[in-house]
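Student: Sequence order for the protein chains is A and B.
Counting along the first sequence from 1, when you hit position 448 you're at 448 in my numbering, and nothing is skipped either side.
Counting along the second sequence from 1, when you hit position 52 you're at 52 in my numbering, and nothing is skipped either side.
Hints are computed from structural coordinates only; laboratory data are not their basis.
Keep in mind that a hint or two might mislead.
[To be verified] Some chain A residues flagged as far from chain B (calculated, every beta-carbon gap over 10 Å):
(1) I99
(2) F190
(3) Q283
(4) V447
(5) N521
(6) D555
(7) I606
(8) P767
[As the list claims (entries may be wrong)] Mimicking DSS-like on lysine-lysine, the simulated pairs with C-alpha atoms at most 30 Å apart in a straight line are:
(9) A:K122 to B:K27
(10) B:K27 to A:K322
(11) A:K280 to B:K27
(12) A:K280 to A:K122
(13) A:K322 to A:K122
(14) A:K550 to A:K508
(15) A:K671 to A:K639
(16) A:K523 to A:K570
(17) A:K523 to B:K24
(18) A:K280 to A:K121
(19) B:K24 to A:K478
(20) B:K27 to A:K121
(21) A:K557 to A:K62
(22) A:K363 to A:K322
(23) A:K62 to A:K280
(24) A:K476 to A:K492
(25) A:K62 to A:K373
(26) A:K508 to A:K657
Ideal Cβ placement from N, Cα and C applies to all residues, glycine included.
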Amino acid sequence: MTKTDCFHCGAECDSKPIYVDEKPFCCNGCKTVYEILNENDLSCYYDFEQAPGAIPQELKSKYAYLDNEKIVENLYDFIDDEVRVITFYIPHIHCSSCIWILENLDRLNNAIVSGIVNFPKKEIRITFNNAKISLRQVVELLSSIGYEPYISLEDTSITKPKIDRSLIYKLGVAGFAFGNIMLLSFPEYFQSSEFWLERYKPTFRILIFIMAIPVVFYSANTYFVSAYKGLKHKILNIDVPIALGISVLFMRSAVEIIFDLGQGYFDSLAGFVFFLLLGKIFQQQTYSFLSFERDYKSYFPIAVTKIAKDQSETNISIYDIKEGDRLLIRNGELIPVDGILINGIAQIDYSFVTGESLPVSKKSGDKLFAGGKQLSGAIEMEVLQTVSQSYLTQLWSNDIFTKKESKTIKTLTDSISKRFTIIVLLIAFLAGIYWYFENATMIANVVTAVLIVACPCALALSAPFALGNMLRIFGKQKFYLKNATVIENLSKINTIIFDKTGTITTNKTNISYEGTSLTNNEKKYIANVLRESNHPLSRMLYGYLEKPDKIEVTDFKETFGKGIYGRVDKFKIMMGSESYVKGSSSNNLQTSIFIKINEEIKGKYIFENTYRNEIASIFNELSTFYTLGVLSGDNEGEKEHLTKVLPKATTLIFNQKPEDKLEYVDKQQKKGETVLMIGDGLNDAGALAQSNVGIAVSENTNVFSPACDGIIDATNFAMLPKFIRLSKGTIKVVKISFVLSFLYNIIGMLFAVTGNLSPIVAAILMPISSITIVVFVTIATNFISNGK
Amino acid sequence: MNIVFLMIIVSFFVAIIFFILFLKSVKSGQYDDLYTPSVRMLFEDEVVEKQEEIKSETKINQPNK
Numbered sequence: 001m002t003k004t005d006c007f008h009c010g011a012e013c014d015s016k017p018i019y020v021d022e023k024p025f026c027c028n029g030c031k032t033v034y035e036i037l038n039e040n041d042l043s044c045y046y047d048f049e050q051a052p053g054a055i056p057q058e059l060k061s062k063y064a065y066l067d068n069e070k071i072v073e074n075l076y077d078f079i080d081d082e083v084r085v086i087t088f089y090i091p092h093i094h095c096s097s098c099i100w101i102l103e104n105l106d107r108l109n110n111a112i113v114s115g116i117v118n119f120p121k122k123e124i125r126i127t128f129n130n131a132k133i134s135l136r137q138v139v140e141l142l143s144s145i146g147y148e149p150y151i152s153l154e155d156t157s158i159t160k161p162k163i164d165r166s167l168i169y170k171l172g173v174a175g176f177a178f179g180n181i182m183l184l185s186f187p188e189y190f191q192s193s194e195f196w197l198e199r200y201k202p203t204f205r206i207l208i209f210i211m212a213i214p215v216v217f218y219s220a221n222t223y224f225v226s227a228y229k230g231l232k233h234k235i236l237n238i239d240v241p242i243a244l245g246i247s248v249l250f251m252r253s254a255v256e257i258i259f260d261l262g263q264g265y266f267d268s269l270a271g272f273v274f275f276l277l278l279g280k281i282f283q284q285q286t287y288s289f290l291s292f293e294r295d296y297k298s299y300f301p302i303a304v305t306k307i308a309k310d311q312s313e314t315n316i317s318i319y320d321i322k323e324g325d326r327l328l329i330r331n332g333e334l335i336p337v338d339g340i341l342i343n344g345i346a347q348i349d350y351s352f353v354t355g356e357s358l359p360v361s362k363k364s365g366d367k368l369f370a371g372g373k374q375l376s377g378a379i380e381m382e383v384l385q386t387v388s389q390s391y392l393t394q395l396w397s398n399d400i401f402t403k404k405e406s407k408t409i410k411t412l413t414d415s416i417s418k419r420f421t422i423i424v425l426l427i428a429f430l431a432g433i434y435w436y437f438e439n440a441t442m443i444a445n446v447v448t449a450v451l452i453v454a455c456p457c458a459l460a461l462s463a464p465f466a467l468g469n470m471l472r473i474f475g476k477q478k479f480y481l482k483n484a485t486v487i488e489n490l491s492k493i494n495t496i497i498f499d500k501t502g503t504i505t506t507n508k509t510n511i512s513y514e515g516t517s518l519t520n521n522e523k524k525y526i527a528n529v530l531r532e533s534n535h536p537l538s539r540m541l542y543g544y545l546e547k548p549d550k551i552e553v554t555d556f557k558e559t560f561g562k563g564i565y566g567r568v569d570k571f572k573i574m575m576g577s578e579s580y581v582k583g584s585s586s587n588n589l590q591t592s593i594f595i596k597i598n599e600e601i602k603g604k605y606i607f608e609n610t611y612r613n614e615i616a617s618i619f620n621e622l623s624t625f626y627t628l629g630v631l632s633g634d635n636e637g638e639k640e641h642l643t644k645v646l647p648k649a650t651t652l653i654f655n656q657k658p659e660d661k662l663e664y665v666d667k668q669q670k671k672g673e674t675v676l677m678i679g680d681g682l683n684d685a686g687a688l689a690q691s692n693v694g695i696a697v698s699e700n701t702n703v704f705s706p707a708c709d710g711i712i713d714a715t716n717f718a719m720l721p722k723f724i725r726l727s728k729g730t731i732k733v734v735k736i737s738f739v740l741s742f743l744y745n746i747i748g749m750l751f752a753v754t755g756n757l758s759p760i761v762a763a764i765l766m767p768i769s770s771i772t773i774v775v776f777v778t779i780a781t782n783f784i785s786n787g788k
Numbered sequence: 001m002n003i004v005f006l007m008i009i010v011s012f013f014v015a016i017i018f019f020i021l022f023l024k025s026v027k028s029g030q031y032d033d034l035y036t037p038s039v040r041m042l043f044e045d046e047v048v049e050k051q052e053e054i055k056s057e058t059k060i061n062q063p064n065k
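Pulled out of the complex, with its shape left as it was, chain A reads as follows (with noise of 0.2 Å):
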C-alpha cells in the first residue's frame, strides 16, 4: 500500500484515493472543493501552500436560523439597505493561502463586494449584498470551500469591544515632542552665547512649552488617574511617584521658562514619559487569536430548531427556550439546555464540558445536561432547565465572575515604590531643612530637583520590559499567558492543582484488546463492517484497525445505542455492547466494544484515556517544592493507577462537580495557600477564575479554552515546571534591576541635594538609566531562559 497524501487537505488518502486531473483526493468533499475552485479560476489556492485545505463539514439545514432576522440582527458590523457587513472568526484560517482565496470571494459569488482578512485573530470582515445573497448564502459558501465560519452566542453581544488605540496615539504624541524638544533644547545645552542663538532663545523656549503641554496633559494622563486612585484606596502604588515627578517637573520648567530663569527641564519630562509608554505597549504583549474571556457563551449556538405541536420546526433564539419545549438538535449540535431525551439515540460528547473524549450513550428518557454535543444523527429533547438555569451554566452564577478584576493586585513594583515614596519625601524634606539654614533661596531648586531625579523611571521601566519579554519567550513556547501580572503571581504560588480528565490524561484514547487474539483476517472482517457504521466508537475502532482491502458486508444491521452486525464471507459478525453481543450485562464502568465472530463471542477492545507520558516526571519535580492536588469528575475507577502513579502526597479526590472544584480552591487559599489551578473544560471554569492563577491546558489553541489567565500548548505541557522556574527567575531579575536603579537614583540625588541638577545632567541621566536597565533586564531574562 503506497501513502497518498491529498492534494487538498494534506491527510493521508484511503487504499483508494479519488483522481481528478490526475490530483489525489481523500474524500469526496475535498474533492468538491477543488472543483469549486478550478471553476472559478482560483486553483492557485494550491500554488502558496502544500494542502492548505480543509475537509467541508455537511451542512444541510444548519444554517437554517440564519435565515431569520431577528436573530441575527445583532452578527453585522453594519446594515445598509442591502449592503451588509458582517465580520467572522473562522478556526481554520492558518496559512497565506487561506488569505488568498477568502479575499478572492468576489469571485466565487459576485454578490459578495470585499472580504477583509485579519490574520492574527483569524478573522474575516465581508461585505455583501443583501438583495443578491443571504447571510445563510454567505456562510454555506465559507463552509463550501472549508472555512466554516464559527458563531457562537457571544457574537450576538450587542457591544462588541471596540479597538483601543489610545496608547499608541499618546506614545506618538509623547515621541514627537520629545523629538522635536530635545532637538530645540540643543542650543542651551552647549551654553554658548553666540548672538542669534541668544536672540531666539524666547522663541525655541515658548515653541518646547507650547509641545510639553499635550505630553503631560495627554500621554501621562493615565498615571495621573491611577495615582489618583492608589491614594483614594491608600496605596502608594508606582504612578504616585512618576505622577509626582511629572507634575513637579512640568512646574518648575513652567516657572523656569515663564520667569526667564533658565531652559526647564521639559526634555527630560518629554523622553521619561516616552519611555514609560514604551514600557507599556512592550508589556501589552496580546495573542489576538487567543481569547482568556471564554465563558459558556462562546460554546454555545446561537439558536436552535424547536418543534412545535404541529411538527413544524422553527428556529428561535436560545434565550427563548421556555421548559417543555421541544428541540431538535441535529448531528454535531450542542445541546444548549439541559432536557430529556425523547427520540432518537444519542451520543454525547462532553469533551467541551469534563474533558472527557469519549462519547456517552443515553437512550430516550435519559436526562441530557447542556454543553454536550450530539454526535449520531439527529434527536429530539424535551426542556427541563432554561439557558441560564442549567447545571452547567449556574455555575456563572457564582460571584466569582462578577467580580472581575475588582481585587487590587499589589505588584513587586507598587510595594517596592511605596517605601520608595516615602524615601524620597523624606529626602526631599531633609535637603530643605538643610538649606533653609545654609541658603533659603535654594530650598525649591533643591527640593523640586530630589522630586524630579527621584522619579523612578528606571525602577518603572524594569518590570515591565523584564516580564514583557518574559511574555514572549512563553508564547513562543506555546505558554501564553494573559498579561504579564500572570508572571508574578505565578512565582508566588506554593499550590498547584489539577484537573483529572483532559488535564493529565490526553484526549486520545488508547484502545487495547482482550480475549482470544483474532488472526488477521478476522481483524479484516471487522474493520468491514465496522466502515458501515457512523458511531463514533465504530469510527473509533476502524481508525485504529488497519485500513483494510474492501470486503461486501451484507446483512448490515445498525441497532442503535447498541451495536452492529453483519455478514462478510460466511462470517456472523456482531460488535457493540456487553448486553447487544452476550444478551447479559456485568456492571463495568469500561467503555468497550465486544466481538463475536459465528456465535463465538471473541473478546473486548477496550477504549481508555491515556495519561500524558510526562505526568508522572511533571508531578515528581513539582512535588517537591508544591503542594499537588488532583480534581476529577469522574468516579474513583482511576484511582489506584493514580496512586501508583503520583508522588505519596498527592490529594486525591473524586467525583467533584464544577462547584465543588470551586470550592475545593477556595477552601484551599482561606488556608492561605496560594493556587495555581489546571484545568480544561467548561466544568474547570469556576476553579479557574476562583485561583491565583489558572491555566487552561489546550490540545488545539486555535479553539477553546475556558476563561483563565493562560492557555497552555498540551504539546508543551511537560514544560511546566521549566515555566514556573523561569516565573520566579524573572522576579529575580527584576529585583535585581531595582537595585541598579536605585544607585541611578542615588547619583542623581546626589546632584540634587547639592543644588548641582542642570536640565543637562537630567537629560543625560534619564535616557541612560532608562536605556541601560532595558538592556539589563532583556539579557538578563533571555539568558535565564535560555540556560535552564
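Knowing the structure of chain A, use the given hints to seat chain B on it.
Tutor: Quick look at chain B alone, frame taken from chain A:
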C-alpha cells in the same frame, strides 16, 4: 539671519505634517493588523498574471462552447 526663524517654522510644520499623517494612519486601522498586509502585498501580481492567462485561455475556448 532671519532665515533661521523661517527654517524653524518650516521644520516645525514639516514635523507636524508627519505627526498628523501618523495619527491618521493609526485611526485608519493600519496598526491593528500588522501581519496580513505583508502577505497580501505578495498576492496581487500572481492574481493578475493568472487572470490574464485565463482570459486568453477562455477566449480560445469560447468558440467551442
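Student: Now, for every hint given, state plainly whether the structure supports it.
Tutor: Verification of the supplied hints:
With 10 Å as the threshold on Cβ separation, the claim that A:I99 sits away from chain B is violated: the shortest Cβ distance comes to roughly 5 Å. Distance check for A:F190 against chain B: the nearest CB is about 16 Å away, which clears 10 Å, and the non-interface claim stands. The Cβ of A:Q283 lies farther than 10 Å from every Cβ of chain B, with a closest approach of about 17 Å, so its non-interface assignment holds. Listed as a non-interface residue, A:V447 keeps its Cβ farther than 10 Å from every Cβ of chain B; the least gap is roughly 34 Å.
For A:N521, the non-interface assignment is confirmed: its Cβ lies about 52 Å from the closest Cβ of chain B, beyond the 10 Å cut-off. The claim that A:D555 lies off the interface holds: its Cβ sits roughly 49 Å from the closest Cβ of chain B, which is beyond the 10 Å cut-off. Every Cβ of chain B is farther than 10 Å from the Cβ of A:I606; the closest lies at roughly 46 Å, confirming the non-interface assignment. No beta-carbon of chain B comes within 10 Å of the beta-carbon of A:P767; the shortest separation is about 20 Å.
The suggested pairing of A:K122 with B:K27 holds, with an alpha-carbon distance near 21 Å, which does not exceed 30 Å. Proposed proximity of B:K27 and A:K322 is contradicted: the alpha carbons are some 45 Å apart, above 30 Å. As the CA atoms of A:K280 and B:K27 are separated by approximately 20 Å, the hinted pair is consistent with the 30 Å bound. For a cut-off of 30 Å, the pair hint linking A:K280 to A:K122 stands: about 25 Å separates their Cα positions.
Between the alpha carbons of A:K322 and A:K122 the distance comes to roughly 35 Å, so the proposed pair goes past 30 Å and is violated. Annotation: proposed proximity of A:K550 to A:K508 holds, straight-line Cα distance about 27 Å (limit 30 Å). Distance restraint check for A:K671 and A:K639: the Cα-Cα separation of roughly 26 Å lies within the 30 Å cut-off, and the hinted pair is therefore satisfied. A C-alpha spacing of about 15 Å is found between A:K523 and A:K570, which places the hinted pair at or below 30 Å, so the restraint holds.
Only pairs whose Cα atoms come within 30 Å are accepted, and A:K523 paired with B:K24 is rejected, the gap being roughly 68 Å. Under the criterion of a C-alpha separation no larger than 30 Å, the hint pairing A:K280 with A:K121 is consistent with the structure, at around 22 Å. A threshold of 30 Å between alpha carbons decides the hint, and for B:K24 with A:K478 the separation of about 35 Å lies outside it, so the pair is violated. Only pairs whose Cα atoms come within 30 Å are accepted, and B:K27 paired with A:K121 is accepted, the gap being roughly 19 Å.
A hinted pair counts as satisfied when its Cα atoms are at most 30 Å apart, and A:K557 with A:K62 qualifies at roughly 28 Å. About 23 Å separates the Cα atoms of A:K363 and A:K322, which keeps this hinted pair within 30 Å; it holds. Note on A:K62 and A:K280: the hinted pairing is violated, with a Cα-Cα distance of about 45 Å set against a maximum of 30 Å. About 23 Å separates the Cα atoms of A:K476 and A:K492, which keeps this hinted pair within 30 Å; it holds.
Using a Cα cut-off of 30 Å, the hinted pair A:K62 and A:K373 holds, with the two alpha carbons roughly 14 Å apart. For the hint linking A:K508 to A:K657, the alpha-carbon distance of about 23 Å falls within 30 Å, and the restraint holds.
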